[in-house]
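Colleague: Add chain F to chain B, keeping to what the hints say.
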Amino acid sequence: MRRSPRETHESAVRISRRGLLLGSAQLAFAGALALRMRYVQVDQADEFRLLAEENRIKFELLPPARGRLFDRNGAIIADNEPTYRIVMVREDADDVDRVIGRLSQLVELDESDLNRAIEEMAKTRPFIPVTIADRVSWEDISRVAVNAPALPGVKTEVGLSRVYPRGDLFAHVAGYVGPVSERDLSRYEDPPPILRIPRFQIGKVGVEAKHEEILRGTAGTKQLEVNAVGRVMRELGRREGEAGADIQLTLDSDLQDYVKARLGEESASVVVMDTTHGDLLAVASAPSYDPNKFVRGISVADYAFLRDNDHRPLASKTVQDAYPPGSTFKMVTALAAMDAGLVAPDETVWCPGHLEVGGRRFHCWKSAGHGHMNLEQSLRESCDVYYYDLALKVGIERIAETARRLGLGESHNVPMSAVTSGLIPDKDWKRRERGADWVIGDSVNASIGQGFVLSSPLQLAIMSARLATGRSITPRLIKSIDGLETPSQAGADMGFNPNHLLQLRRAMFAVSNNRRGTAYGSRIIAESMRMAGKTGTSQVRNITAAERARGVTSNADLPWNRRDHALFVAFAPWDDPKIAVSVVVEHGGGGSTAAAPIARDVVLQALYGEDPPLDAYPTKDRRRIEAQQERLAREREARQAEVSSRA
Amino acid sequence: MTWLEYSVKTVPSGWRKILYLNWPLVVLLSAVAGIGFLMLYSVAGGSWSPWAEPQMKRYALGLAVMFAVAMVPIWFWRTMSLVFYMTGLGLLVMVEFFGSVGMGAQRWIDLGFMRLQPSELMKIALVMFLAAYYDWLPNNKVSRPLWVILPVLIILLPTFLTLAQPDLGTALLLMIAGGLMMFLAGVHWAYFATVISAGVGTIWAVFQSRGTDWQLIEDYQFRRIDTFLDPTTDPLGAGYHITQAKIAMGSGGWTGRGFMQGTQSRLNFLPEKHTDFIFNTLAEEFGFVGGVSLLILYVLILVFCIISAVQNKDRFSSLLILGIGLTFFLFFAVNMSMVMGLAPVVGVPLPLVSYGGSAMLVLMLAFGLVQSAHIHRPR
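From first to last, the protein sequence lines are chains B and F.
Okay, so the first sequence: first residue is 1 according to the numbering used here, each after it adds one.
Okay, so the second sequence: first residue is 648 according to the numbering used here, each after it adds one.
Same shape as in the complex, but just chain F:
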């Protein structure tokens, strides 16, 4: 067993583990969550209900989950990777048949006390399983075609299941996160270069075919892509949301319009102001200063993860920490790009800030894994 290689004596045990937690990370996470509470209080018109209070409770639960996960040695979680991945796949299949329909897509299973979104869980399970796979795989086989195809299958399986919900955003995130895990594990450059150029080539071909005899997709699909890429072409439909979001953000200026003074969010011009577009409320009320502060907090979380990963000599641990940091990055990067009008609206929440239960719990669970890897690192 690999953990025998660790100098077990130096790994803290019992309650002493708490001292070895990555405390700066805990503080940063709490700071981000705190900003979330403040904004949820604001968008509710200066009220703890209906959003801020449940969110705080969930964060408390999330913290508890994080600590609990952190206490358990990382090698236990590694052995559980396959189980998690298979469970995730099973749930994704289940959601196809028993899932509740929300926003036109089957996304969650109602467990009674909470709604479980298997795709959320899958993001972590996939990262865990890939980390475990590359931990197991001898170093010299990493770039061999057969051993490259296997992780590709591991990635594509949940991707297709998510796509079937249909949840294009999450499917893309899974694929990107999986691909980058392979990159981190050291798969040869050539594979990535091939895939990327093939992808770009295909897209180029599709767009080139527009209006010619050999058009590859239908006209209405092109139009859908057009509004997807540039919502301003449809100012009353899809464009309305993004236009209002940009107005909210832009009207904030340097220092914002003041706490609870954002007209765009207060008067409901801003859509989804407590979930996907909560960043715009922050940007409207606290301006550029507020927006950049949150961005800096996110970046710091990322930096602490990378430092922790680089310091960790255990292959599984460092891959896992980097993978979770990457997932976290993808969350906030996609959300922010989307609400700033840089990316199409795909429905990705702002991590730890947007109102939402399972996303937050899954994220805290993931950071629990990061903490466990940090505590139980070989010294």
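Bound-form chain B, shown alone:
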């Protein structure tokens, strides 16, 4: 087909024109692209650089070593031990089933753990290590390490776990740690990231929980480079964390050990308090439990055993249980009356064995009556009627005030779990809580520590320490944190008339040293160690008129859980007090028979710092005491051997 040259020329010009136009548009667009590049790469470079770093850098927290717990002499109470676990990386094990088969020949693997691990491995990315067995023994780990070439993908990892080398000895004080639960997290508005560390342990009860922040330490960080699917490419940097601070308790593990042995099978508690600084030397609740079981995850059967035991091993009886203090409360009533100027120490009251108040008959424990009683006699022989009479004179408000000054009815600041405040009732309280008016019978009951009055063994120890010193001494459980001594809790003078206190101390001395004293059988005869104390027997049930008529009042005739609680409070040496003690034996019967002997042994043990010489005891007791000392020494040695074999 032909075309005239003119036409060709004309169209060539048009095409060139439009071509150049379009070309310019293309160049303009390219310029726009360059501007965009400048905007993204130059103007926004820092922003995107940061985002790129955020993409690739992952921080992993390194768990810090938890602060340890020591006793006052530096003996370890709570330690950290390395634990080993076996993990598997799917992509490194060519044939997972075969490798697991080989592994199970070397190490005993738990069937359910294994199935869970295999399931998890199938779900997660192939390079993520999955735990096959946790808390593997050192022997097993060595076997795995030796056979490593035959076990591709199997690795061993080490971590730190809490261990309580003394087993159940400090369980109620130190408490235990456990894995972080949803409940632990819910306590924080914004849970600290450290709690998200796998296998992180957090204090659950006791000092471990109360001083969690001190013991925890701060986490270190590991900077890792990861790719888009989260595989770790390399470690970029590492900052070690800071271990938690060590805490030294005021407890004396030797004394604690002795107390535990001395309590034996009883359901009982003992508090030994130093009267100079308020240091708690022994805080024992029996029976106890092994906190190590809780750290590892206690089995349902073990837990059920602890929970359903009628001796309540899980309860920290020293601080969490409140008992009617019984006759140990009589010092409070007496001091209130003396302070009010309503009674002189040598004034007497006639005890016919009972007192009629408001048409009701209140019995003395001795139904035949004590006859004429002054302060010292009434305390020594624990006459109830004397105190009924005082209560009628002095009234509940003064008694309650004195009780509070002596440390009862108040929750003391010790870092243990569920510290009770006990109960010191007064008129307001009864109206508020019971919706009833206070009646005179309530005062009568309260005067001998029955009725509404409740106090914990810790409070009773504080009470006797305050009576012994006249100072508002408070308990100290933490001796030092990270080597820094905590302040003394000696307290200031409470402002009681020294003469009144002296009268009371004399009377308490008579309790355990006068031939007619209720605790005369548990006297100490070493001159410089003599003990002053007070027995108490608190009723668990009311003795009905029918029972009284039948004469079934002997504790031995009753089932264990309906017998009276036996109490004893003491301080020693009586003329220069160094320690104060409280003993409560649940359903032990009488304070003089069940609690006082324990108190005497504990006092002597604490004052001598070892098994006391037999001549501290009355002659007729020595043979029995010697046998007891030998038996307890053997028990303690056996336990000590168990501890060292575990370590």
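Hints listed in this document are in silico derivations from the structure and should not be mistaken for laboratory results.
The structure presented is a predicted model; accordingly, all values stated were derived computationally and were not measured.
Errors might be hidden in some of the hints.
[What the hints assert, rightly or not] Some, not all, of what chain B presents toward chain F, calculated at C-beta under 7 angstroms:
#	residue
1	I15
2	S16
3	G19
4	R36
5	M37
6	V42
7	Q44
8	R49
9	L106
10	Y303
[As the list claims (entries may be wrong)] If you want the ones that stay clear, here's a sample from chain B, every Cβ over 12 angstroms from chain F, calculated:
#	residue
11	E53
12	L62
13	A145
14	G297
15	I298
16	H354
17	V357
18	R360
19	V414
20	D576
21	G609
22	I625
23	R636
[As the list claims (entries may be wrong)] Okay, derived cross-link-like pairs now, DMTMM-like style, lysine to aspartate or glutamate, Cα gap no bigger than 25 angstroms in a straight line:
#	chain 1	residue 1	chain 2	residue 2
24	B	K293	B	E108
25	B	K58	F	E919
26	B	K155	B	E108
27	B	K155	B	D113
28	F	K960	B	E10
29	F	K788	B	E10
In this text, a Cβ means the ideal position worked out from N, Cα and C, and glycines have one as well.
Modeller: Chain F only, in chain B's frame:
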């Protein structure tokens, strides 16, 4: 025959043709391909396999194809235009029935030694056929409605076939390239003005209808358009890719993080790092300087094409060269806009740099045509 109009004597013949090749264009193409090899080596973590080495082989093959095509006189290719176009249409139909499914769309035919993407071939065939059409059409008929409708049909036929694959990106490219060919050929402004205003009007109407009683498309379609236009509204889905791509590019800064030091590509945060998003690897590792250098190379290729077209007195040749340059421009412009977050992600590779066989071969074949037109131009 039109080639008789050429002063045949001055057209080089035999091996002398090699001297008359547009050598600057060859150098520029090779430079771009070289950048591609380097980046493919880098994204493979400093390894020639699995991408750089096959890519080099393909480029060598591509060069051979280019030279071979260049040796053949341009008037032969012009007579073959209709054949190519019909073949392309045939293959597009075939791919509907026998094609392999990749990425959810039927796109290629497996020829055994390579996978043929008919839509790639169609881009060149369409440009060739339109150039031949306007070469044949007398100048005074160019803007007559009947002669305008005919090329529109020529364009829409392969567009719809591509859309059916479905490959929206390529279909749009075909339509734009075809429309611009008509513009270059001298079709009257009024046609373009009408079509553009009608298109804009429709889009405006669709968006205006949103949330009213007379809504033109469904809600889910609107949402799809939303993420298509602004992927950041869906940061974990469609937005993830573009966000990571922008991070890769932006973190490069002025001079980049260094060869093989780009964390975004090395650690796989960057998707499709060896194909569609390879530009981001370049931008991350060599920064603004690297990115602009590649852009300049592309622009130079474009400039050399336009110069060659303007110098060429043959209508078919200049339309063809401009059309191929335009196609090339559309490739890199769309890809770059996409990876910079200026345009939706449509899956257009970066020409000569992205890893991929048929795209590169087709492109080299096209440049072979440009070279042939350059060698055999009337003097």
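Colleague: Holds or violated: K155 of chain B with D113 of chain B, Cα cutoff 25 angstroms?
Modeller: 17 angstroms, holds
Colleague: Is the interface hint satisfied for L106 of chain B? The criterion is a beta-carbon contact with chain F at less than 7 angstroms.
Modeller: For L106 of chain B, the interface hint is violated, since the closest Cβ of chain F sits about 37 angstroms away, which is over 7 angstroms.
Colleague: Just want to verify: H354 of chain B was marked as not at the interface with chain F; is every Cβ pair farther apart than 12 angstroms?
Modeller: At about 84 angstroms from chain F, H354 of chain B clears the 12 angstroms cut-off, so the statement holds.
Colleague: Is the claim that R636 of chain B lies outside the interface with chain F correct, judged by CB distances over 12 angstroms?
Modeller: 61 angstroms, holds
Colleague: Was G609 of chain B rightly flagged as not at the interface, with every chain F Cβ beyond 12 angstroms?
Modeller: About 65 angstroms separates G609 of chain B from the closest Cβ of chain F, which puts it past 12 angstroms; holds.
Colleague: Against chain F, does L62 of chain B hold up as non-interface, every C-beta pair farther apart than 12 angstroms?
Modeller: 23 angstroms, holds
Colleague: Hint check: K788 of chain F vs E10 of chain B, CA-CA at most 25 angstroms. Holds or violated?
Modeller: 14 angstroms, holds
Colleague: Against chain F, is R36 of chain B within 7 angstroms by beta-carbon distance?
Modeller: Holds, about 5 angstroms.
Colleague: The hint names R49 of chain B as touching chain F; please verify it with the least Cβ-Cβ distance against 7 angstroms.
Modeller: Check passed: Cβ of R49 of chain B comes within 4 angstroms of chain F, closer than 7 angstroms.
Colleague: Is the claim that I298 of chain B lies outside the interface with chain F correct, judged by CB distances over 12 angstroms?
Modeller: Consistent with the label, I298 of chain B stays out of reach of chain F, its closest Cβ about 42 angstroms off (over 12 angstroms).
Colleague: Would the pair K155 of chain B and E108 of chain B pass a check requiring their Cα atoms to be no farther apart than 25 angstroms?
Modeller: Measuring from Cα to Cα gives roughly 16 angstroms; hence the hint holds.
Colleague: Beyond 12 angstroms from chain F, beta-carbon-wise, is A145 of chain B?
Modeller: 32 angstroms, holds
The structure shown violates the earlier hints numbered 9, 10 and 11.
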